[in-house]
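K.L.:
Model the full structure from these sequences, guided by the hints.
Residue numbers (our numbering), protein chains in the order written: chain E, 1 to 250; chain H, 1 to 614.
Since the hints were made in silico from the structure, they are not lab data. Every residue, glycine too, gets a C-beta built ideally from N, C-alpha and C. Incorrect hints may appear among the rest.
Unchecked claim - Listed next, the in silico SDA-like pairs over lysine to any residue satisfying Cα-Cα at most 25 Å (straight line):
1) 142/E <-> 153/H
2) 35/H <-> 117/E
3) 142/E <-> 345/H
4) 3/E <-> 361/H
5) 67/E <-> 361/H
6) 296/H <-> 272/H
7) 3/E <-> 247/H
8) 91/E <-> 186/H
9) 142/E <-> 361/H
10) 111/E <-> 46/H
11) 574/H <-> 397/H
12) 125/E <-> 106/H
Stated by the list, open to error - Covered stretches of chain E (chain H as the covering partner; in silico rule of three or more C-beta atoms under 8 Å from a C-beta of chain H):
13) 21-30
14) 42-55
15) 89-101
16) 106-112
17) 127-135
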Amino acid sequence: MSKRTFRVWRGDNKGGDFKTYETKVDPGMVVLDVLHRIQAEEANDLALRWNCKAGKCGSCSMEINGKPKLSCMTRMNSFGPDETITVQPLKTFPVIKDLVTDVSWNYQQNKRIKRFTPPTPRPEKGYVMYQEDVDRVQEFRKCIECYLCQDTCHVIRDRDGKDAFVGPRFMIRLASLEMHPVDTEDRIPEIRKEFGSGLCNITRCCTEVCPEHINITDNGIIPLKERVVDRYYDPVAMIGRKLFGIRKRS
Amino acid sequence: MALDASEIQTINHDVLVIGAGGAGLRAAIECSAQKLSTGVISKSLLGKAHTVMAEGGVAAALGNVDSRDNWKIHFRDTMRGGKFLNVWRMAELHAQQAPERVRELEEWGAVFDRTKDGLISQRNFGGHRYPRLAHTGDRTGLEMIRSLQDHGIHQGIDFHMECTALELLKDGDRIAGVLGYWRETGRFVVFKCKAAILATGGGGKAWKITSNSWEYTGDGLAMAYEAGAELMDMEFTQFHPTGMVWPPSVRGTLVTEGVRGDGGILKNSKGERFMFNYIPEKFAAETANTVEEAEKWLNGDKSARRPPELLTRDEVARSINAEVKAGRGSPHGGVFLDIASRRPADFIKRKLPSMYHQFKELAEVDITAEPMEVGPTLHYFMGGVRVDADSQMSTVPGLFAAGECGAGLHGANRLGGNSLSDLLVFGKLSGTGAAEYIRGLSKTPEAQNDQILAGVRRATDILKRDSGTNPYVLHEKLTETMQVNVGIIREKGELEKALEDLGALNKEAETMKAPGTSQYNPGWHEALSMKSLLITSEVVARAALMREESRGAHTRNDFPGEREEWVQYNVIVKKGANGMEVEKRKRPDPPPLLKEIAHAKIEDLESGKVGGGA
Numbered sequence: 001m002s003k004r005t006f007r008v009w010r011g012d013n014k015g016g017d018f019k020t021y022e023t024k025v026d027p028g029m030v031v032l033d034v035l036h037r038i039q040a041e042e043a044n045d046l047a048l049r050w051n052c053k054a055g056k057c058g059s060c061s062m063e064i065n066g067k068p069k070l071s072c073m074t075r076m077n078s079f080g081p082d083e084t085i086t087v088q089p090l091k092t093f094p095v096i097k098d099l100v101t102d103v104s105w106n107y108q109q110n111k112r113i114k115r116f117t118p119p120t121p122r123p124e125k126g127y128v129m130y131q132e133d134v135d136r137v138q139e140f141r142k143c144i145e146c147y148l149c150q151d152t153c154h155v156i157r158d159r160d161g162k163d164a165f166v167g168p169r170f171m172i173r174l175a176s177l178e179m180h181p182v183d184t185e186d187r188i189p190e191i192r193k194e195f196g197s198g199l200c201n202i203t204r205c206c207t208e209v210c211p212e213h214i215n216i217t218d219n220g221i222i223p224l225k226e227r228v229v230d231r232y233y234d235p236v237a238m239i240g241r242k243l244f245g246i247r248k249r250s
Numbered sequence: 001m002a003l004d005a006s007e008i009q010t011i012n013h014d015v016l017v018i019g020a021g022g023a024g025l026r027a028a029i030e031c032s033a034q035k036l037s038t039g040v041i042s043k044s045l046l047g048k049a050h051t052v053m054a055e056g057g058v059a060a061a062l063g064n065v066d067s068r069d070n071w072k073i074h075f076r077d078t079m080r081g082g083k084f085l086n087v088w089r090m091a092e093l094h095a096q097q098a099p100e101r102v103r104e105l106e107e108w109g110a111v112f113d114r115t116k117d118g119l120i121s122q123r124n125f126g127g128h129r130y131p132r133l134a135h136t137g138d139r140t141g142l143e144m145i146r147s148l149q150d151h152g153i154h155q156g157i158d159f160h161m162e163c164t165a166l167e168l169l170k171d172g173d174r175i176a177g178v179l180g181y182w183r184e185t186g187r188f189v190v191f192k193c194k195a196a197i198l199a200t201g202g203g204g205k206a207w208k209i210t211s212n213s214w215e216y217t218g219d220g221l222a223m224a225y226e227a228g229a230e231l232m233d234m235e236f237t238q239f240h241p242t243g244m245v246w247p248p249s250v251r252g253t254l255v256t257e258g259v260r261g262d263g264g265i266l267k268n269s270k271g272e273r274f275m276f277n278y279i280p281e282k283f284a285a286e287t288a289n290t291v292e293e294a295e296k297w298l299n300g301d302k303s304a305r306r307p308p309e310l311l312t313r314d315e316v317a318r319s320i321n322a323e324v325k326a327g328r329g330s331p332h333g334g335v336f337l338d339i340a341s342r343r344p345a346d347f348i349k350r351k352l353p354s355m356y357h358q359f360k361e362l363a364e365v366d367i368t369a370e371p372m373e374v375g376p377t378l379h380y381f382m383g384g385v386r387v388d389a390d391s392q393m394s395t396v397p398g399l400f401a402a403g404e405c406g407a408g409l410h411g412a413n414r415l416g417g418n419s420l421s422d423l424l425v426f427g428k429l430s431g432t433g434a435a436e437y438i439r440g441l442s443k444t445p446e447a448q449n450d451q452i453l454a455g456v457r458r459a460t461d462i463l464k465r466d467s468g469t470n471p472y473v474l475h476e477k478l479t480e481t482m483q484v485n486v487g488i489i490r491e492k493g494e495l496e497k498a499l500e501d502l503g504a505l506n507k508e509a510e511t512m513k514a515p516g517t518s519q520y521n522p523g524w525h526e527a528l529s530m531k532s533l534l535i536t537s538e539v540v541a542r543a544a545l546m547r548e549e550s551r552g553a554h555t556r557n558d559f560p561g562e563r564e565e566w567v568q569y570n571v572i573v574k575k576g577a578n579g580m581e582v583e584k585r586k587r588p589d590p591p592p593l594l595k596e597i598a599h600a601k602i603e604d605l606e607s608g609k610v611g612g613g614a
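P.N.:
As structure tokens, this is what we get:
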């Protein structure tokens, strides 16, 4: 058992500062365990979110030594033996208190997306879909909504582009719908316009921070960008559209 | 300063659903389909409830992988797994309706793994005769909660996130509202409603080693108890056989039964496949008794019987416990769960990706190359609020319960996969039940101000006190006594010790102090949940003391084996004038046809000789 130094941001939407805690650390601990110990022993009112403690619910997102991470999956032995560990709330979202931020913007984005629309009526034994056709959709559906990708996305974080770009999480939500084998809805117009697919400049930072290792950029965002280009900027299709109207699906 | 109820925020709904896990979301979707104004409150953000941790799958007799399956066999498996203490009608409704509830999820966007024919694939699980669990890798719960969430947000339901219920408000006998508080601000809120649906899960957080997250503090159970509802079967707390045991910080975290369903085996420190030594008589006819036969089954031989690793959870958990006690445990006090030597690495990564990830990142164990160390962890409450099987209404008019916090479907032990189907089937039925109840109301019940103010005062006292007990320390003490004295193997002396400890903890709880303000203050939240935890723990201990036999998940050292007499009784707990009342209540006789199906030979059931007309 050794003592480690933690700098934890304490405050609320009016401001705050880092507070230092010297805390015992046992073998096998993750950052969330240490924060819980601080909370139980020194700071009962330290605000943080968590649930499953196994990387499955995406509640305990925070910035640890400057990197967006799940604190339940960040092991203490991933740091140097004397390294001070700095913990702060997600920068992209407004602070509520301590390590808790207001992520309600994300829930609003989800609501803007047109729902899954399968053909009706459903066949008696269920829709026929083959595994190879759902593999790519299942990759996107692994998302645990931790919003680390939203936090790290330059468009949202640095350029405060929340009005213009829906963010990586919802680009892959859109991809999971657009690539769903039986979905009949068309979301390409809004992916281009309201959801701002053109604003992503493919730096792949979102993919890098994804704790579920979803290939957000290459498998999700780029194919959506291609569908937008095919629809709106392909000269043959443009003539076709003039003659025959808009295609239902790209 | 005098409190004034009119200053407290009020929100009106026809029905308020408490909890946003699978049961709560499914209930809310049904309420909105019934044209009710529907609100949902959840302690966490939407989509984070414990349903996301469900891994293996949802049980439904779709018959996609083995066409011999049907609802009667699912029903029979459920009754046998529950040691015949299940509410017969609930087990019947569940087995009959689960397939439709699962297919309906596909309409709402769920993407389950597929069979070669492009239908929903199904995997083997403990206690299920046929491959029955629809699944998405080993993250089925996430798939389900996201599908319900993404569908639910377009149904006109009001989601109130990070809002905790404190008390059920009544007008006479009837439900009239719910008092709660916003976690963000600490402000109080009154939800005026004609009906409330509890979907709050269990109370695993009363134990030290548990798979449950912070939310599972028995809130719904305690609120129902305080409101006068009956709780049933509370002595049956499921210890899942396979939780992680190392490192200490993840002790108790769930390891899916899917590992065994997909071929994983349990071994002791001598390398023996010990489950062959623990096959109980009643499952002997349907369980392989040699390694050779078990291997044939794994290789798809339909004539071979199932390996003993897939016995029901109560049997496997007790066996692991016995091996460890006999000194044949693994280095950290569990046993070995080995899939590495059984399946190729790419198979394991494809079928069990989150297990691979979880062990790699949290324990530095590569499950494709080495065995896992596992041991029992408190996982699930079979018992809960006693409800009417068809409407899910409790003994309090207007109060409903669905999912884990309701009692009846699982009897003395739950089969894996039957929880996800439970919350779909009974979530929906609680919604129709609430709608019917509301339609029959002649006037809207009114919440009483004095009850509201008393609730607010109790909550704020914890903040206002100058000093007092640290709620985290109190919680720690509770988990210590429950772990030791109300554990997997129980006896009279220990249960009485638990009750004595609980008495002392109840006293200490009166002087809890949470430092800081009411704004997002986890210490205060912890203190407020202690009341629920203490009530729930006491109900479990008292019920466990009354049941003098060993059945399913309830094992009494001083009363070994099932006692014929006890299958005729449920233990009921309710609040009386002088504290907790515990009653041994006679069960009604089962309908003859259901009884015949549950006790039929599997061959007779498959051939249609029994239950053909059902």
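K.L.:
Hint by hint, note whether the structure agrees.
P.N.:
Okay, the hints, checked on the actual structure:
1. A threshold of 25 Å between alpha carbons decides the hint, and for residue 142/E with residue 153/H the separation of about 19 Å falls inside it, so the pair holds.
2. With a CA separation close to 22 Å, the supplied pair residue 35/H and residue 117/E stays within the 25 Å bound.
3. Distance restraint check for residue 142/E and residue 345/H: the Cα-Cα separation of roughly 20 Å lies within the 25 Å cut-off, and the hinted pair is therefore satisfied.
4. Of the pairs offered as hints, the one joining residue 3/E and residue 361/H holds, with about 23 Å between alpha carbons and a cut-off of 25 Å not exceeded.
5. With a C-alpha separation of about 17 Å, the suggested pairing of residue 67/E with residue 361/H holds against the 25 Å cut-off.
6. Distance restraint check for residue 296/H and residue 272/H: the Cα-Cα separation of roughly 19 Å lies within the 25 Å cut-off, and the hinted pair is therefore satisfied.
7. The suggested pairing of residue 3/E with residue 247/H holds, with an alpha-carbon distance near 18 Å, which does not exceed 25 Å.
8. Between residue 91/E and residue 186/H the alpha-carbon distance is near 24 Å, which keeps this suggested pair within the 25 Å criterion.
9. This hinted pair checks out: residue 142/E and residue 361/H have alpha carbons roughly 17 Å apart, not beyond 25 Å.
10. Between the alpha carbons of residue 111/E and residue 46/H the distance comes to roughly 13 Å, so the proposed pair stays at or under 25 Å and holds.
11. Pair hint residue 574/H plus residue 397/H holds up; C-alpha atoms about 15 Å apart against a cutoff of 25 Å.
12. A threshold of 25 Å between alpha carbons decides the hint, and for residue 125/E with residue 106/H the separation of about 11 Å falls inside it, so the pair holds.
13. Three residues within the 8 Å Cβ limit are the bar, and the segment 21-30 of chain E against chain H gives 5, so the coverage statement holds.
14. A count of 12 residues in the segment 42-55 of chain E with a Cβ less than 8 Å from any Cβ of chain H is obtained; the coverage claim is therefore met, three being the minimum.
15. For the segment 89-101 of chain E, the assignment as covered by chain H holds, since 4 residues bring a beta-carbon within under 8 Å of that chain's beta-carbons and 3 suffice.
16. Figure legend: the segment 106-112 of chain E, annotated as covered by chain H; annotation consistent (3 residues with Cβ-Cβ distances under 8 Å, at least 3 required).
17. Proximity of the segment 127-135 of chain E to chain H, defined as three or more residues with a beta carbon under 8 Å from a beta carbon of that chain, is established by the 6 residues found.
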